[in-house]
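Trainee: One-letter residues, chain by chain:
2 protein chains.
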Amino acid sequence: MGLAGLRIVLMEPAGQINVGSIARVMKNFGLHQLVLVNPQCDPRSPEALMMAVHAKEILESAQLVATLPEALHECVRVIATAGRVSSWETPLENPRTALPWLLEEPEKPVALIFGREDRGLSNEELNYAQRFVRIPTSENYQSLNLATAVGICCYELAQSTQTTETPTLAPNNLAPWDVVEAYYQQLESLLLKIGYLYPHTAASRMEKFRQLYNRTHLQIGEVAMLRGILRQVEWAVNQSNYENL
Amino acid sequence: MGLAGLRIVLMEPAGQINVGSIARVMKNFGLHQLVLVNPQCDPRSPEALMMAVHAKEILESAQLVATLPEALHECVRVIATAGRVSSWETPLENPRTALPWLLEEPEKPVALIFGREDRGLSNEELNYAQRFVRIPTSENYQSLNLATAVGICCYELAQSTQTTETPTLAPNNLAPWDVVEAYYQQLESLLLKIGYLYPHTAASRMEKFRQLYNRTHLQIGEVAMLRGILRQVEWAVNQSNYENL
Numbered sequence: 001m002g003l004a005g006l007r008i009v010l011m012e013p014a015g016q017i018n019v020g021s022i023a024r025v026m027k028n029f030g031l032h033q034l035v036l037v038n039p040q041c042d043p044r045s046p047e048a049l050m051m052a053v054h055a056k057e058i059l060e061s062a063q064l065v066a067t068l069p070e071a072l073h074e075c076v077r078v079i080a081t082a083g084r085v086s087s088w089e090t091p092l093e094n095p096r097t098a099l100p101w102l103l104e105e106p107e108k109p110v111a112l113i114f115g116r117e118d119r120g121l122s123n124e125e126l127n128y129a130q131r132f133v134r135i136p137t138s139e140n141y142q143s144l145n146l147a148t149a150v151g152i153c154c155y156e157l158a159q160s161t162q163t164t165e166t167p168t169l170a171p172n173n174l175a176p177w178d179v180v181e182a183y184y185q186q187l188e189s190l191l192l193k194i195g196y197l198y199p200h201t202a203a204s205r206m207e208k209f210r211q212l213y214n215r216t217h218l219q220i221g222e223v224a225m226l227r228g229i230l231r232q233v234e235w236a237v238n239q240s241n242y243e244n245l
Numbered sequence: 001m002g003l004a005g006l007r008i009v010l011m012e013p014a015g016q017i018n019v020g021s022i023a024r025v026m027k028n029f030g031l032h033q034l035v036l037v038n039p040q041c042d043p044r045s046p047e048a049l050m051m052a053v054h055a056k057e058i059l060e061s062a063q064l065v066a067t068l069p070e071a072l073h074e075c076v077r078v079i080a081t082a083g084r085v086s087s088w089e090t091p092l093e094n095p096r097t098a099l100p101w102l103l104e105e106p107e108k109p110v111a112l113i114f115g116r117e118d119r120g121l122s123n124e125e126l127n128y129a130q131r132f133v134r135i136p137t138s139e140n141y142q143s144l145n146l147a148t149a150v151g152i153c154c155y156e157l158a159q160s161t162q163t164t165e166t167p168t169l170a171p172n173n174l175a176p177w178d179v180v181e182a183y184y185q186q187l188e189s190l191l192l193k194i195g196y197l198y199p200h201t202a203a204s205r206m207e208k209f210r211q212l213y214n215r216t217h218l219q220i221g222e223v224a225m226l227r228g229i230l231r232q233v234e235w236a237v238n239q240s241n242y243e244n245l
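Protein chains in written order, with UniProt numbering: chain P, 1 to 245; chain F, 1 to 245.
Treat the hints with caution; some may be incorrect.
One copy or any two copies: either way a pair holds, since identical chains are not told apart in the list.
As the list claims (entries may be wrong) - No farther apart than 30 Å at their CA atoms in a straight line, the calculated lysine-lysine pairs in the BS3-like style are these:
1) K108 / K208
2) K108 / K56
3) K193 / K208
4) K56 / K208
Derived by calculation from the structure, the hints in this document are not laboratory data.
Build the full structure now, drawing on both the sequences and the hints.
Mentor: See the structure below:
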């Protein structure tokens, strides 16, 4: 288990103080890769650098990208953090239980996503992840400061590298994020074509499929199998169409 | 075990942002008693109140005292936090191991002491405590931000009061075995029809699909959704065939 391949992904962070504090706490716990998606503040502002103290290099080497998919490029395991979530059927797990799973493929890129300070992640953004964590809080005040949430998760990750290793599933070949995403895209376009989905409801229905498949932690061979079916269905549907010409 | 009698004691805190953030994270994790020993900043300044967000009452009710012994008045158990400590022979413990000890006397006052941002606690101050914790950090950067350290300790305290409940799927509607089986049958016959499966290999290939879907613990609504897709594919394939007649 190792922290080297782990990306901390911040979705549209707006607070310079938060971003600087996050760089510091990442270095405190041995993490180095920070990715900012469409940041709403300057991550190299004097305030951010001041809060980073001796972790300025993490801000300086932080990757800035425009979209969440870019931030997740090639990641084989993705966890998203969530606060209160309505209309979400996948279970929210405790960080202590779920986060060590990110460290089970030490050579490969993995990501932990944090939402915006004010409104977290949208359901669409959550759907890019395979597991979801929520830091348990008092019911009287559930909203954690972003840097606090990142700090607690970094602490848990570092703690989990020190303790006895949790038994893992078989040495598996989990499908990278982009491969699974390509399957969803192919599925959606086929379902539109055969009239199962309608353009105006496709997104919400696809959300349910994403939740179902994300839960399974698809392996590379399984995605290939699922895509093979889609190709065969396309072929069967098209062939008849050609015959009609 | 309860958090009600627990005091968070800050020794000469100098950062308003830190004090405000600490109030917030205390409330997030169900703690309410904040004691400031000879503070070097105004704990009710606009900056502090801004960082506290919805925990302003913790700043307003914070007790300000001149000396550490006053802050510890009547406490039956006291733990101090330490960073790097030289010439200190008592062992530094992991917060996860040591902090629950504070909560074993729920009716009585207990305290957790944090040192100054820049130089922690003196040996004399440490000597007021019975146990000592140190949050394990990377050797490359050991110095945690004060609010981060308090946040992690509050999180650990709150975690230790919870009976370890693993979050489960909501009281859900798991599909009965026969409903799932009917889906597998329908899938198999469609895949044979469109030429994805061949009769002599169908069984072994279907095994892989069964493994994939069994892993997800399909719900009733999800099986209905998956079967809806199969019906639509059948329709799309058949329709063209009828047109060919």
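Trainee: As a check of your reading, is K108 near K208 (CA-CA no more than 30 Å) within one copy, between copies, both or neither?
Mentor: both (28 Å within a copy, 25 Å between copies)
Trainee: Given a CA cutoff of 30 Å, do K56 and K208 count as a within-copy pair, a between-copy pair, both, or neither?
Mentor: neither (41 Å within a copy, 40 Å between copies)
Trainee: Indicate which option fits the pair K108, K56 if close means a Cα-Cα distance not exceeding 30 Å: within, between, both or neither.
Mentor: Within one copy only: 25 Å inside, 43 Å across.
Trainee: Classify it for me, K193 with K208: is the Cα-Cα distance of at most 30 Å met within a copy, between copies, both or neither?
Mentor: Classified as both: same-chain Cα gap 19 Å, cross-chain 27 Å, threshold 30 Å.
This entry does not satisfy hint 4, going by the numbered hints stated previously; all others are met.
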